[in-house]
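Protein chains in written order, with numbering that gives the first Met the number 0: chain A, 0 to 241; chain B, 0 to 250.
Hints in this document: simulated from the structure, not taken from any laboratory.
Hints are supplied without guarantee of correctness; some may be wrong.
[Unchecked claim] Once the Cα atoms are required to be at most 16 Å apart in a straight line, the calculated EDC-like pairs of lysine to aspartate or glutamate come out as:
1) 162(B) x 66(B)
2) 111(A) x 56(B)
3) 31(B) x 56(B)
4) 160(B) x 134(B)
5) 112(B) x 126(A)
6) 160(B) x 56(B)
[Said to hold, decoys possible] Covered stretches of chain B, going by a simulated chain A footprint (3 or more residues, C-beta under 8 Å):
7) 106-115
8) 150-162
[Unchecked claim] Quick list of simulated restraints, FRET-style, between CB atoms:
9) 215(A) x 225(B): 36 to 46 Å
10) 123(A) x 59(B): 23 to 33 Å
11) 80(B) x 214(A): 35 to 45 Å
12) 215(A) x 66(B): 40 to 50 Å
13) 76(B) x 104(A): 46 to 56 Å
14) 183(B) x 217(A): 31 to 41 Å
15) 210(A) x 59(B): 48 to 58 Å
In this text, a Cβ means the ideal position worked out from N, Cα and C, and glycines have one as well.
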Amino acid sequence: MDLIIENLPLMWKGLVVTFQLAVATLFLTTAVSFAVGIAAVSRFRSLRILSVVFVEFFRDIPLVVNLLFVYFGAPLVGLSLDPFAAALVSFTSWGSANGAEIIRGGFKAIPKHQRESALALGMRPAETMVLVLLPQILLPILPAFTGLFSILIQATSLATMVGAMEFLRSAQIIVERTTMMTGMSPAFAVYGFVLCVYFVICFSLNLLTGWLERRIAQSRSAHRHAESEPATETAMRPAEAT
Amino acid sequence: MSQPPLIETAALCKEFRGGIRALRKVDLKVAKGEVVVILGPSGSGKSTLIRCVNGLETITSGAVVVEGRRVDGHGPRRWRQTRLEIGMVFQNYALFPHLDVMGNITLAPCRAKLMGRAEAEEEAMRLLGIVGLTDKARAPVASLSGGQQQRVAICRALAMKPKGMLFDEPTSALDPEMVGEVLATMRRLAEEGMTMICVTHEMGFAREVADRVVFMDRGEIVEEGTPAQFFSAPRTERARQFLDLIMRHGA
């Protein structure tokens, strides 16, 4: 315990990098996921094909391999990415491929009459997407997306492999340094601490989403019960599924 | 007829992938103010026909003409004008579940800049008044019964102030006790002079409200005429068989 307190500044630095990497990854992943996911249901064949290629390519490669490939491959095409940037690119591409699949699934679950009725009302395809279809997938994809976020936060620890100074790396340094100085390995304690921190972060995220989901569900059903005439038979039809 | 028909299809053919010929050279003319009911066994191409009129299906050959202008072609941009002018009501109502009743009705007219929000809401309340649902204006869609949802869907289409309306089996998904309220709304619309093409299995509605009945089978118009003539003395064997079948099941 003393050891951890002693080394808190170093671990804190690592944790900050992990946070930066995670936030940047989640932000970019969300943006790219929506772009690729929307392309997957586009009426343009070329966009759909591009989307499928992107998704299949990045989903079928282990994340570690992807990371090493980006980090060591970037210089070959004239880019020199530092470990942080390489990790960001790698995690985002992998995360977006999975995120796009979640979003595509969300769209597939919407009955086709939703899109048709919007178009039949003279709405433009973009309006139909943004005002009619997108709002309908947000709640259904929330659990799967939180899962992806959680995996991505955990995956940031892989950035250690290319030498990014993030949380896990700071722990490794402490373990190595202490072993050299004292001859005793504090690995169990230090990595145990690391484990707890990752657990707390991801568990809080899951709790937060669970709470958010319940809040939304509650506000919708409260609204419903306030109505004088509750629907009984309509709730079973897929067209009304929210 | 000096005025061109509001909606016209000429030698309309639709072939689905896999070579299924849903429509074979369909010629249909619907004059302004006319109420046409399309009857026929399932799979006869009735729904496909009206879905071709506003471009929800891409036609294989032939033409769709609205007020003398040819409107068929590729892509949503080309169809948008027609869709703004001709409303459609679906079997499954297809109300937007994330919006309340008011939001459903005002979304499209506001986006199309037909009217401002205040005016659109006023118009929505007027339409809801006609179908007897003013108290549901702020209700979430899921809290409405099927019949109420379908009436809102009709309001939603009417809020665009369309020149004509397409009804694709508007009562087929409803519980029997709710069919009447939707048909009453459609009947009132017909009386007000709206041009309507209705695909339906409601023989009573066809008999009493239609100006003309069109009978389709296997992608073709087999017979058309006034309801009185069609129901009492169908000219073709196929129509006779169809009517026999319907009557025998006590519809």
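The hints, checked one at a time:
1. 162(B) x 66(B): Holds, at about 10 Å.
2. 111(A) x 56(B): Cα-Cα ~13 Å, so holds.
3. 31(B) x 56(B): violated (23 Å)
4. 160(B) x 134(B): Not satisfied, since the Cα-Cα distance of roughly 22 Å exceeds 16 Å.
5. 112(B) x 126(A): holds (13 Å)
6. 160(B) x 56(B): Roughly 23 Å between the alpha carbons, so the hint for residue 160(B) and residue 56(B) is violated.
7. 106-115: holds (count 4)
8. 150-162: Coverage by chain A holds for the stretch 150-162 of chain B (4 residues, Cβ < 8 Å).
9. 215(A) x 225(B): 36 to 46 Å: violated (54 Å)
10. 123(A) x 59(B): 23 to 33 Å: holds (25 Å)
11. 80(B) x 214(A): 35 to 45 Å: holds (43 Å)
12. 215(A) x 66(B): 40 to 50 Å: holds (46 Å)
13. 76(B) x 104(A): 46 to 56 Å: violated (29 Å)
14. 183(B) x 217(A): 31 to 41 Å: holds (37 Å)
15. 210(A) x 59(B): 48 to 58 Å: Check passed, 53 Å falls within 48 to 58 Å.
Hints 3, 4, 6, 9 and 13 from the list above are not met by this structure, while the remaining hints are.
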